[in-house]
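Peer 1: Which chain is which? The protein sequence lines are H and L, in order. All residue numbers for the first sequence refer to the working numbering, where the first residue is 44 and numbers rise by one. All residue numbers for the second sequence refer to the working numbering, where the first residue is 44 and numbers rise by one.
One or more of the hints may lead you astray.
Copies of the same chain look alike in the list, so a pair counts if it fits in one copy or across any two.
Each computed BS3-like pair below joins lysine-lysine, with the alpha-carbon atoms no more than 25 Å apart [said to hold, decoys possible]: (1) K301 with K323; (2) K181 with K205; (3) K343 with K66; (4) K323 with K102; (5) K181 with K102; (6) K301 with K181; (7) K153 with K181; (8) K252 with K153; (9) K181 with K280; (10) K93 with K323; (11) K66 with K182; (12) K109 with K252; (13) K252 with K205; (14) K343 with K205.
Please keep in mind that the hints were generated in silico from the structure rather than gathered at the bench.
Number of protein chains: 2
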Amino acid sequence: MRLLIIGFGNLGRGLVESLAEKKSFLYRRFGLKPRVVGVVDDSGAATNNKGLDWRLLVKKAYQKAKVSAFPNYKRISAVEAIESVECEIVFELTPTNIQTGEPGLTHIKKAMKAGRHVITSNKGPLVVAFRELEHLAKKQGVEFRYSASVGGAIPVIELARKLLAGNEVLEIQGVLNGTTNYILSRMAEEGAPFDQVLREAQELGIAEKDPTLDIEGIDTAAKLVILSNAILGRDVKFKDVRRTGIARITPQAIKLAKETGNTIKLVGVATRQTVEVSPKLVPLGHPLAVGGTLNAVNFKLDLAREISITGFGAGPRETSSSLLGDLIDVCRTIA
Amino acid sequence: MRLLIIGFGNLGRGLVESLAEKKSFLYRRFGLKPRVVGVVDDSGAATNNKGLDWRLLVKKAYQKAKVSAFPNYKRISAVEAIESVECEIVFELTPTNIQTGEPGLTHIKKAMKAGRHVITSNKGPLVVAFRELEHLAKKQGVEFRYSASVGGAIPVIELARKLLAGNEVLEIQGVLNGTTNYILSRMAEEGAPFDQVLREAQELGIAEKDPTLDIEGIDTAAKLVILSNAILGRDVKFKDVRRTGIARITPQAIKLAKETGNTIKLVGVATRQTVEVSPKLVPLGHPLAVGGTLNAVNFKLDLAREISITGFGAGPRETSSSLLGDLIDVCRTIA
């Protein structure tokens, strides 16, 4: 199984490290022998049709090197690599842009048109062109997986689509952003105001310098769009999401919530009629009332009533769990 | 797809009702046309090789009728039905006996030897003869699924084995018994003593008249044996489980837990070395700190770190979610 990895940032490097670490596990358990025939970033492409040396890959990943630090790298673009490198599976792991979906959108389309199966963590292309990409994959007869795009390590989409297949999903509720959950959890624990906790989170690297995407619920909304389309069979766009962030949550509101046995979480809710992101009261003991940077998703279902799943929604190693899960699933499906 | 249903108690009736309700959904979504060619209990068997009439099935299920109330039922045993009724899939849904595994164990073996795929909710055969049944299924070339045996509606086993396939499961922790969870949750809410809350639970039908299996952790231990064998690849027997029940938990202990931000849950823990059921302190906000009759399972994993899943661990309709999930999966696998 020949893999081409587009994007050698946190997630690309995390995938390389996990693949190297789990080589013998993947062979022993599933008979899989993945070979990374190329890694690509905006500095160029390092390729080897027999598979790049694992020690080299792990060393460069550990050093957080650009691809231009690989011996014999070529100054070619991702699109050129996708069109010229022989492989079965393309991992599209470039950063998310939910306005244009680029450059991931072009990468995914080119890969599918070249007959490659595609696994992505990139929300952008899915938010911008979900149905188009699903149709293209079907037309080209290739597999398309995107477990890592929502919930990091949590297999949210596959849980609903495969394991709960006997159910109609009536509603999806999700705490889908670790940064805002961290901030709200700390506010509840310390009674501290939003601005102070945000600064602490920024110092710890949990919140970005520009925290807009997280605290205004944009990241949550993007993930909710993907879940609505993938699980509820809808064709929702980003602009369809009603959205309220957490910047106006006061310590008083959180204290009041606590006194009544509740906590406040930034919750995305999708049904067949609505898609909405807003701060909500969640009872303590409810599966969505998870602390720290955890993510959680709660499904309302016609048979099972409610199923919730919780885990780490970010982190390169955690996300590689979903990427490897998709890889194993694609290999099973095409075997 | 011809189904033979052994056991027409709560779960058998719940399955029949869900199948009837979701007939068109199953056809539309998966192209499946299940027909119930036989239902069997200890009063006899009602069979029809073209499929029993759905209205008749639903009516008898609704009336909580014995199979002897069906027109033209035959006084034959389950084993005779398994050996004589032409079908592809046998549902084994008789009551659990974790000492002998019977009568489910014999039913499952006979069905496999007759070349039938088997789906079961019955813990007994899995606790008594897990490896033997897995081997027999493999030898006979039939599919064997038992999602409904642990966690009711929660697809615990398939989550670990399929969706988290890239991970090594390092530890399984589970709140696997709704009755004890209800009792402990009520004790925490009311500050009431164990005996009083148990009586209330018995009046509500949440606890059995003889609550031994639940409150002494026997049911949890049986489920933990299944999870250890199915997910950790072990060959654990019931006697290997160290077990402490909840009867000695005092309101004082629960109050003290609460004051330190914790709650007390009956937790089953399995690793490659240990299998143990005992009351444990769980921090509020932890995914295992679920209230009411909910069940929850937490996996410790090498890549994803922790994934938890929560849902209703019992109830005929909830459990039919797992039975239908298994049915869809078996049909996909053999297609």
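Peer 1: Does each hint fit the structure? Answer for all of them.
Peer 2: Outcome of the hint check:
1. K301 with K323: Answer is both; intra-copy 13 Å and inter-copy 24 Å each pass.
2. K181 with K205: both (18 Å within a copy, 23 Å between copies)
3. K343 with K66: Close across copies (20 Å), not inside one copy (38 Å); limit 25 Å.
4. K323 with K102: neither (45 Å within a copy, 42 Å between copies)
5. K181 with K102: Close neither inside one copy (37 Å) nor across copies (42 Å); limit 25 Å.
6. K301 with K181: Classified as neither; 49 Å inside a copy, 53 Å across copies.
7. K153 with K181: within (14 Å within a copy, 42 Å between copies)
8. K252 with K153: neither (34 Å within a copy, 65 Å between copies)
9. K181 with K280: Within one copy only: 21 Å inside a chain, 46 Å across chains, cut-off 25 Å.
10. K93 with K323: neither (52 Å within a copy, 52 Å between copies)
11. K66 with K182: neither (32 Å within a copy, 29 Å between copies)
12. K109 with K252: within (23 Å within a copy, 67 Å between copies)
13. K252 with K205: Cα proximity of K252 and K205: none, with 38 Å in one copy and 38 Å across.
14. K343 with K205: both (15 Å within a copy, 22 Å between copies)
In summary, the structure is inconsistent with hints 4, 5, 6, 8, 10, 11, 13 from the numbered list given earlier, while agreeing with the others.
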